[in-house]
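Visitor: Below are the chains, spelled out letter by letter.
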Amino acid sequence: METRELEEDRVLLRLNLGPQHPSTHGVFRAIVTLEGETIVDLEPVVGYLHRNHEKIYEHLQYPMIVPFTDRLDYLSAINNELGYVLAVEGALGIEVPERARVLRVLFSEFQRILYYQLFFGTLAMDLGATTPFLLAFRDRERGYDLMERVTGARLLYNYLRIGGLRNDVPDGWLRDLEAYLDYFEREAWPQYMDLLLRNEIFLLRTKEVGVLPSDLALAYGASGPVLRGSGIPRDLRKDDPYSGYENFQFEIPVGERGDSYDRCVVRLYEMLESIRIIRQALSRLPDGPVMGQLPRGLLKLPPGEYYQRVEAPSGELAYYLVSDGGPAPYRAKIRSPSFVHLQLMPHLCRGHKLADVIVILSSIFPVFGEVDR
Amino acid sequence: MLFGRFPGLEETGGPAGFWTLRVPPEHLLELGEELRLAFPHLSCLTAVDFRDRLELVYLLYSQDQKERLCLKVDLPPENPEVESVTGIWPTADWQEREVYDMFGIRFRRHPNLKRILLWEGYEGYPLRKGFGDPRPPRTRKVRPR
Amino acid sequence: MSGEKANGKQRKYADRTEPVVLVRHLDDLPEEEIGSVDGGMVPAFWKRLLPPVILTTLQALVNWGRQNSTWYLPFGTACCGIELMAVGATRFDLDRHGMVPWFSPRQCDVMIVAGTITEKMAPAVVRLYEQMAEPRYVIAMGGCAISGGPFYKGYNVVPGVDRLIPVDVYVPGCPPRPEAVLHGIYLLRDRIARTGRKGSP
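Residue numbers (our numbering), protein chains in the order written: chain D, 1 to 373; chain R, 1001 to 1145; chain B, 2001 to 2201.
Hints listed in this document are in silico derivations from the structure and should not be mistaken for laboratory results. Since the model is a prediction, treat every value here as computed from it, not as a measurement. Errors might be hidden in some of the hints.
[Stated by the list, open to error] EDC-like cross-link-like pairs, simulated, lysine to aspartate or glutamate; straight-line CA separation at most 20 angstroms: (1) B:Lys2153 <-> R:Glu1123; (2) R:Lys1114 <-> R:Glu1067; (3) D:Lys238 <-> R:Glu1081; (4) R:Lys1066 <-> D:Asp194; (5) D:Lys207 <-> D:Asp194.
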């Protein structure tokens, strides 16, 4: 903490926020320069969870990397796996069976719902409302149960494989999934809307807070709900579809002003769109194998570079793989959406109060496994 | 017509679906200014250490996400330096810092070229091929209770 | 430990492997001094007056109080942090065990280190541990906190938080199931219950 005297009796205070603090976003540190309560500047410091994914991947064979990709955006593990697996399959030209493609879409959207439930819970908790957090976890636990029946794990699954999936869904699971979706759409989601979005305190604290103009969002490479909250209807599932997304009908919720409120509401409505996609997937799920044919022996990618983007719940997640023909990638780069979004923090926080920093950070929702890799 | 304006620009192989150009480092900024309107979305900025050279890779997309462009810049492994493109694509800010942190490539006129994932004073550039962990070899010692 | 700055400047790794003498932990106290472990609740002249059987019951009472209201500092860094939140949430409620997540280390009894600790984060871990008041306990939750986990080869990963601070309970898993975390917490409560008794671990 240091102070600097300006003219008259204005004093600038430099304060350290983090890396350990109650806001549940993990290890984020911000050095804020305050004048009174108003923020003059904010310098984000990251790297407290830099776990060296990219270096470790250079020593792992291609199939061994899948569980590590889980740990990037650990709140919605399947989306990360999907991006990586699609990159490798594209490189090798592997045909994935139709049932596996539809199931992958189903699981990606299901993970998106779980991610947004946690987003909702932690946003509310950061604002001081503790009930929505418990409600979100009540629903997320049921989601964990479903995922556990299929994959065996609650949070980090290692379920997708290069060429398909590890195993098919058990009997009765699809029926239970449909029951969960019915329950969520009919009972839980309206509860979320009522508890938070009709709450005057929430509205006061998130409207006009952290306004992100659309040109700034585009210039800084924002993607996902952060970009859509500012009014740009860009969604990689529509613009650059993968794994059969072109066959699904869904809308893209878009915000108006680009403030924290819009980013929150966009995510809540995207939950409904994800439910819609899952129902379509359930209705058109074909029978068949869930694993395609792989080349025999050690998996080696032809020398060259490969780039694959997916629409993860946090935004545009991409993998850039460089292969020299060996069994491990020569270089693996993960383009992480949260890393790119955190650059926006200074621009969004200037002029706001210190308490708004937490709200803005929550509305951007960086996941630090992804930011620091 | 670009090739006439920028000598040394050549088409080369790259990621599937990308039109890839190899750009001499001194022309990067000018070329970027030309391409800024057509390719406003810089999706990824990264580097690869091919032991005899460092290759900077810029992956660009058009506004409708349909057109793709890849720019590759070759740099020598000792004292690699290139102009920063944050003036053209502001999203490059932290991505260039990460490349500096991991590879040691300096970006001229970058607004804030500091290490981002590791800390100031860290020695070594981890994603380079010759990097070795600077810590002493580990023994299985735990803090005594 | 001294001389660190808030901006995360690193001491050299070699410094950290030296044993640093903090205030001695309960379990290190020799047998004779165990009676004093009531934390100074009973003034010395009373201890001379009262027969020993009442002191033992007092110790048990104190232990019971301490084990049933262990406020924890959730040091959740990564994926295990989410599972820690889930353990504290509706289904596996920790509050019914008296465990309240409390973010001020000075008022906490146990620090649950959930997630990978990196070299950059290490000074923060140590500083928070030092801020805790005795008696304090540490639970290392998840593979990363025990030994670096899947990332043990990383150049920025501390291979186990027990290189920085003494750990009482190790809960393996990646991430551990909430039932496993609860089992670890029960083990810790048993340990707290045995404090001050002969043969306490």
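Visitor: Hint by hint, note whether the structure agrees.
Guide: Hints and how they fare:
1. B:Lys2153 <-> R:Glu1123: holds (18 angstroms)
2. R:Lys1114 <-> R:Glu1067: Violated: Lys1114 (chain R) and Glu1067 (chain R) sit about 33 angstroms apart, past 20 angstroms.
3. D:Lys238 <-> R:Glu1081: violated (38 angstroms)
4. R:Lys1066 <-> D:Asp194: Status violated; Cα separation ~40 angstroms.
5. D:Lys207 <-> D:Asp194: Between Lys207 (chain D) and Asp194 (chain D) the Cα gap is close to 17 angstroms, so the pair holds against 20 angstroms.
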